[in-house]
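Trainee: Protein chains in written order, with our numbering: chain Y, 5 to 141; chain U, 5 to 141.
Keep in mind that a hint or two might mislead.
Which copy? The list can't say, so a pair holds if one copy fits it or any two copies do.
[Said to hold, decoys possible] Result set (PhoX-like, lysine-lysine): computed pairs, CA atoms no more than 20 Å apart in a straight line:
1) Lys13 to Lys44
2) Lys84 to Lys14
3) Lys65 to Lys141
4) Lys119 to Lys141
5) Lys141 to Lys13
6) Lys141 to Lys125
7) Lys125 to Lys14
These aren't lab readings, by the way, just hints derived from the structure by calculation.
Chain by chain, the residues run as shown.
There are 2 protein chains.
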Amino acid sequence: MDENLDILKKNGLSVTDGRKKILDLFLDAEGALAHADIEKQTDAAFDRVTVYRTLQTFVDKGIIHQIPTTDNSILYALCKHNCEEGHHHDNHVHFICNNCNKTICLDDVTVPEVKLPKGFKPIQSAMVVTGVCDECK
Amino acid sequence: MDENLDILKKNGLSVTDGRKKILDLFLDAEGALAHADIEKQTDAAFDRVTVYRTLQTFVDKGIIHQIPTTDNSILYALCKHNCEEGHHHDNHVHFICNNCNKTICLDDVTVPEVKLPKGFKPIQSAMVVTGVCDECK
DNA sequence: AGGATATTTGCAATGTTGTTGCAAGTTTTA
DNA sequence: TAAAACTTGCAACAACATTGCAAATATCCT
């Protein structure tokens, strides 16, 4: 049984070639993917627009999540934990390797809580660490 | 004595209208600013390119720093601590308010260290917390 | 299975954001 | 104040992202 088919159906999405293929890429990927990565890895089989819309749909459904970066790019990665529509729970640390430039979800490293000044109510936290990854060390 | 003039001179920058005005915006701002905010608040008195270059110059000199965001935008904020050319020390937490949408530097909240899996060497960490700020609570 | 309905895709056009080279203008230096 | 150094604005360009709409595809229902 195809895992990707399962995921799509569970989220009430029509099953199309594009969605299956793009979901596959995420399931296989070690790290996070940018829009450009997906275009490359699909050999431009799908229109740029389709890729944008597919990514947006996946984010809306809680299948993938966005990762903050300091440069002006958007990265996406699978939600490993139980995310639902409108409710992301990706409280793990992201790691960006300065050498191979991959962005990796450290699923087992949770973002620590911090004490905020009076009056600030935290809802979600994100943490990005840059450095050298285990393959490039 | 103008504070902005001081800062510019200290960093060996020519004093121009654009730089003074943009620096003023940062000195007055409660939170972080995007390129678009600056254009709006200066009434497009300066060319888009000038704003881009001014921001870049300020970042290079360590006067302002970039803030990571999940959407595809770059935010800038004053460096409150002693940053020098090429050496930023902005290891504080950033807070994004879901209500007023402002991004605020929590200068007194430092990013905590986390234990990474074997083989990962951290160089820099960034942390972004979203929620409700002290003015919107 | 097959046709009606709903959804998705691709194309074209358009918008937004950021960059570069160069001439003209401004600031600094001495 | 004049020369040198630096900054600005314009124009052109490039990359990235969004929208409307008609054609294609998937789902639903009998």
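Trainee: Each hint: holds or not?
Mentor: Hints and how they fare:
1. Within a single copy, Lys13 and Lys44 get their C-alpha atoms no closer than 26 Å, and across copies no closer than 45 Å, so neither meets the 20 Å cut-off.
2. In this assembly of identical chains, the alpha carbons of Lys84 and Lys14 lie at most 20 Å apart only when taken from the same copy (15 Å versus 48 Å across copies).
3. Taking the shortest Cα distances, Lys65 and Lys141 never come within 20 Å of each other, neither inside one copy (36 Å) nor across copies (29 Å).
4. Taking CA atoms no more than 20 Å apart as the test, Lys119 paired with Lys141 passes between copies only; the shortest distance there is 16 Å, against 33 Å inside one copy.
5. Taking the shortest Cα distances, Lys141 and Lys13 never come within 20 Å of each other, neither inside one copy (40 Å) nor across copies (39 Å).
6. Taking the shortest Cα distances, Lys141 and Lys125 sit within 20 Å of each other only across copies (8 Å), while inside one copy they are farther apart (38 Å).
7. For the homomeric pair Lys125 and Lys14, neither the shortest alpha-carbon distance inside one copy (33 Å) nor that between copies (38 Å) is at most 20 Å.
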